[in-house]
Every structure is written in C-alpha cells, then in structure tokens.
Amino acid sequence: MPDKKIRVLIAKPGLDGHDRGAKVIARALRDAGMEVIYTGLRQTPEMIASAALQEDVDVIGLSILSGAHNTLCTRLMDLLRAQKMDDVTVLIGGIIPEQDIAELKKIGIAEVFLPGTTTQAIVDFIRQRVAHLSAASQPHRSAE
Amino acid sequence: MTDEKARKVSAAAGPVQASPSSFASPRKPSPVEIAWEESTLKPALAKSPDRLADFTTVSNYPIRRMYTDADLAGWSPERDLGVPGQLPYTRGIHPAMYRERLWTMRQFAGFGSAEDTNRRFRYLLSQGQTGLSVAFDLPTLMGYDSDHPLSEGEVGKCGVAISSLADMEALFDQIPLADVTTSMTINSPAAPIWAMYLAVAEKQGADWRGISGTLQNDILKEYIAQKEYIYPPGPSLRMVTDTIEFGAEHTPKFNPISISGYHIREAGSTAIQELAFTLRDGIEYVENCLRRGLSIDDFAPRLSFFFNAHNDFFEEVGKYRAARRLWQSVMRERFGAKNPRSWALRFHTQTAGCSLTAQQPYNNVVRTAIQALAAVMGGTQSLHTNSLDEAWALPTESAATIALRTQQIIAYESGVTHTADPLGGSYFVETLTGEMERGARDYIAKIDALGGMVAAIEHGFPQREIADAAYRFQVAVDRREKIIVGVNDYVVEEKPIETLHINDSVARTQTDRLRKLRSERSNDEVARCLDSLRRAATGGENLMPHLFQTVKAYATLGEICDALRQPFGVYQEVAIT
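Chain order of the listed sequences is A and B. Take 1 as the starting number for the first sequence in my numbering and just add one per residue. Take 1 as the starting number for the second sequence in my numbering and just add one per residue.
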C-alpha cells in the first residue's frame, strides 16, 4: 500500500477545448511519479464519473475555463456520491471567480487551484491528501 | 496514434531547436567590439557578474549581450528592410502607416443573450471603438443550440448565445452593418454563422459588396491548438474553401478567413512556432483553394492573419516583421501571385490572455500596454487589448474600458504612431526578425516534408511541439527561472476584485425563444432546406448558397450542424499529453 502509485484522472468537462493546463498538469503529475489517465476533451460528468470508477482513481483533477464549473461540478459530485465514491479527492483548476470557490468547496471539491499555482503545490496537495485518507484506513474500493 | 508513435514521428521530423544563427555565420565581431570586450566588458564583469547565466525570451530563445553590425553581415537594407508599403513589407504594408490611419481598435466582446451583447457593442462604439468583434459562447462554437443537453451550464458564459437568425438579428439591432466592420470568432460553424450575418445585412438593406469584416474560419489551428472542431479535416477544409470562393465572388471587402496564431501561442507555443504554424496553415488553405480551381490573385488579397502579442517586446516585434517578409516570399515564390495585395500580410493582434495573472490583477493593465505597444510597433492593422480581470472571468464594463483606453493612449499620446516601423534598422530587431523568419522557414520545410499541415496534424507534430514548449515554460516558472510578478515573486495577500457574473437565466430565455421559433417558422420549409443542404454536402458544390437559404428559413444552428454531421462525420482527436 505505501508504495502504491497515486492514480489521478485528469478530465476536461464541458465543451471547452483549451487543454494547455490539463496537459501540463498531467505531465507534471506523471513526472512526480503518479499514474495519470487523461480523459481527453468534452467529457460529460457521467463519462468522468464512470472513468473514475473504472480506473479506480484516488484523485480527479478537473480543468474548467469556460465558466460552466458550478453546473458541471454539482452534477459530477452528485454522481460520485451515488457511486459511493466520496473518498475520491476532486480538484479543479482553471478560471474560477473568487465568489464561486466557497460554494464549490461546500459541494465537496477539495481544492480550487487558480492560475499561477505551481505544479509542485498541486503535487504536494495530492500527496498529503491521499496519505491522510489512506492513514484513515478506509477500505479501498474495487472496480466491480 | 499512440503517444509513443507520435514521439517517433516528431523525432523523425528532427528536433526543432531555435538556432541563434544570424546572417553571418560564424559571427565576426569588429576590432572595436573585440577591444571593448577585453578592455571594458571583462573588467566590469569581473567586478560585478551578470544577474543570470542565460538571458532568453519568454519563448526561451537566447538573446546576446549586444547586437552590432556583426550580427547583420549579409543583411541588405534594400533587400531585407525596404520601405513601408513595398516589398518585402518588413516596415509595414502601407506607405504612410499610422500617419494616414490608425489601426482598428476592435475589442472582442460577447456574453449572455444577443440583447446583452448588443448593449455592450453599442456602449463600446459610443466610447470610440472603431470595429466590432463577436465572441460566441461554447455551444455556438461547437454547433449546438442553447437548449441542447451538452449546452447545459455553458449558455452565454464565455460569449454570446446565437442559435438562429433571430438571435443574430437581435445582436445587430440598431447597428448598421453597412457602416461598421465586424469580426466574428467562429470556426467550425463559420459558414452558417456567416450566412446569418449576410442575411441580417440583406434585411438591413446593406450591399454585400460594400460590407466589411472578418470571419475567423481557421479550422486548422483548432485541430492544432484550441480544439473547437466538429468535422474531420477534409470536409472542414472544403467548407473553408466554400466561404473563400463565395466571398471572392460576392463580398469583395470581407475577409473570409483570419489565419490565426493567437490560439497556438495561448496553447503554449514559442513565438517561432506561432509564426511557422500559422503561415503553414495559410499555405494549406491556399493549396486547397488552388485545387478548387480558384486563381491565386482572386482570393489571396482577402486572406488575413491574427497574431498574439506576448510579453517579450522585441521578440514580438521581430515576429510581426518576419511574418510580413516571409508571407510575401511564399505568395510570390511558392504561389506565383502577381497582385501586390496578395503579397501583403494584413493582421489583427490580441494581447496574450495567457500572460494575465489572477494575482494583483491591476498589473495586467501594464502587461497589456507593453504587449499592445509591441503590436503597434510591429505594424498591426487591428488590435484587441485584454482586460485586467480576465484571469478571473469575462471583463466588466469598467475593465473593458481601461483596455480600450490603453490603445487610445498608445495611439494619441505615446508618439510611436508618428513614423513607420520605428524600430527598423536596430541591430537587435533586424537580427531577431531574421532569426524568426529562419526558424519559421525550418518548421515550414519540416511540415512540407511530412506531407502538409493536415498530415502533420494527423502525426501530432505541431501538437507535440506546442505541448513540449508549454511544459518547458511551466517548469521554468515553477523553478523561478522565469519571474512572473505577483505569481512567483513579489507576492502579497490580496482582496478579491469585482467580476462580471453571467446569470443562468440566459439559458432559460434562450430555451423559450427557441421553442417559440420552432412553433412559428415553417417547419416544412426548414426540413426542405436542411434536406437540400445535406444533399449538397454529399456532392461537391459550394454550400454557402444552401446555408443562406437554410438560415433564412430560421433553421437553427444546431439543426444545420447536425445535418452536416451525417455526411461529414465527426472528428475525435488522440490526445497528446
């Protein structure tokens, strides 16, 4: 368990195609030793929840720049709860107005990373969070 | 293609390193420079060394300590610089440049409903803006109506929602299309959106031969960078050629395409990559038009370009100058164009959205001013300046006003408009211009060797080059090798700024409006038009007349794009990370 690689799903929900951030983060997390699955573009919350389940990931990183974050995140979090995947850490990066951050955290988003965040800050956050969750020794989900 | 295969293709095409080669190779410094280095520079450095080991541009391009005529050996002012308004257009495409006429101040705007955006347009025109530029929302850009399930949460968010001619009519209400020039940032559904614009012009009684504006309509850079594509490259390029052909015949003052480097740069490319991929995209469009049977001088004068203005002032100026010099050579030597208007590269510029910081947003006013100054010193024909709050949201009216004022201050107060190409003849700028041109030529040759831009895209070549550059830049910022003020240095605690909030009621209004539209129009007529459009799409005829009839029957954008999805298919990319 301690040597198990952290598994991260990087996803681009919604219609937006600006994938620079998603790709840079995918590469940075991979360089930091994590297992990264990138969904590609234009994923619905349903597709993301299903990929997260199949890939048995610890973390979902969403990249949203289009302003559709409230709608998309609310639906994704509902789906994850329905699939009993509350233990998956969900992060967002992108263009997110300050006044929306509190609401996003309230629905269960673990952290919102704004432009200017270093990739190291994201790596550190994920490592700490995943270590904390496994220390709480929750039984690991299976993909069945 | 797998990542692994793409990497191999990339490797086969050769590593593309920006070489700091100059006109002279090797560089031969003058006796004065050699003496200066020994007697003045070395003792100074011994006392106080350079701050950095390497000085590079924002594109990681190496910059020398000093440029002299040694860097310009072989450079000919007659051949390589010339005079404004003449070959090779290094100094600008007009003889009098901004003494005769300033650039068009064209602020990109669009949010919410057509009525919301119409109000912002009329405000901007009342504040001295000289051209319109429409930002569409993502459903429109992707060819979905506002009430499509995939549009949920996106309606009116990053642009205006346009689902039918009725919305387009509201967008330009009380704005005479005969008098304003309008740029429309639309790509995959460019042809039907343009058909709607032409229908509004017709209803207003504006003569098509007199209306002027620009359709972005650059699908290749969507596959390369921005990723707002619907159909595969083949049918997409056919529609681009349709619009260019239609425009050459019916709208002689309208630019049917704006070949764009802006998005390539935003995706993380270097300046040289932006220049090279954009011009190579231009070559691809020209080749498609020639295959259609058009003759070069019938359409080339209406090809227009769109570049980014990033922070590195001199690199950007060099890029614009190199773009003009390279394009005239492509047009004359590669395509045999005879009309001087085919040779002259006209371009719009937007300051770099990716350079804006969420931190200390007022600093963005300064960044934007420097970038806009580079665009002007580089001879742009029109300019959009970003607003200070755009790392947070779409701009507020007051932020958009400061952005417009920035252009007006450059135009009326800075004095840089008094003379054409004010940096011409500078050792540094001429050297950089030459190096940008050479770097772009190397890339263009590599893409030619891969079989053209569509083939290169299918190999993932430009995508990989850009992703690598984007990652290198992020690593440099993370290591603080590149300083971004307020982000990785000079950081302070801050209070949030006020941002524009787009109400979700736009989606409901749009849904109601679409329901009303579908109940009031002749659905038989719509079905007939869509059917004839579909049949035309399976054949080879120009789709523009069919699109024009179809939009006038008030078929929605989603219905039109769906009708074309059947014969054309949809494109799925293999993501390169």
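Calculated from the structure, these hints are not laboratory results. There may be inaccurate statements among the hints.
Unchecked claim - Straight-line alpha carbon distances no greater than 30 Å define the calculated DSSO-like cross-link-like pairs of lysine-lysine that follow:
hint : chain 1 : residue 1 : chain 2 : residue 2
1    : A       : Lys-105   : B       : Lys-203
2    : A       : Lys-106   : B       : Lys-482
3    : B       : Lys-495   : B       : Lys-482
4    : B       : Lys-253   : B       : Lys-338
5    : B       : Lys-446   : B       : Lys-203
6    : B       : Lys-338   : B       : Lys-47
Unchecked claim - A few chain A residues facing chain B, derived, Cβ under 8 Å:
hint : residue
7    : Leu-15
8    : Ser-66
9    : Gln-83
10   : Gly-94
11   : Pro-97
What the hints assert, rightly or not - Derived list of chain B stretches under chain A, where covered just means 3 residues or more per stretch with a C-beta under 8 Å from a C-beta of chain A:
hint : region
12   : 47 to 56
13   : 291 to 298
14   : 341 to 352
15   : 356 to 368
16   : 460 to 474
If you're wondering where the values come from, they're calculated on a predicted model, not measured in any experiment. Backbone N, C-alpha and C define an ideal beta-carbon position, used for all residues, glycine too.
Against the structure, the hints come out as follows:
no.: 1; hint: A/Lys-105 <-> B/Lys-203; result: 50 Å, violated
no.: 2; hint: A/Lys-106 <-> B/Lys-482; result: 36 Å, violated
no.: 3; hint: B/Lys-495 <-> B/Lys-482; result: 25 Å, holds
no.: 4; hint: B/Lys-253 <-> B/Lys-338; result: 19 Å, holds
no.: 5; hint: B/Lys-446 <-> B/Lys-203; result: 48 Å, violated
no.: 6; hint: B/Lys-338 <-> B/Lys-47; result: 59 Å, violated
no.: 7; hint: Leu-15; result: 4 Å, holds
no.: 8; hint: Ser-66; result: 5 Å, holds
no.: 9; hint: Gln-83; result: 20 Å, violated
no.: 10; hint: Gly-94; result: 10 Å, violated
no.: 11; hint: Pro-97; result: 5 Å, holds
no.: 12; hint: 47 to 56; result: violated (count 0)
no.: 13; hint: 291 to 298; result: violated (count 0)
no.: 14; hint: 341 to 352; result: violated (count 0)
no.: 15; hint: 356 to 368; result: holds (count 4)
no.: 16; hint: 460 to 474; result: holds (count 4)
Checked against the numbered hints above, the structure breaks hints 1, 2, 5, 6, 9, 10, 12, 13, 14 and satisfies the rest.
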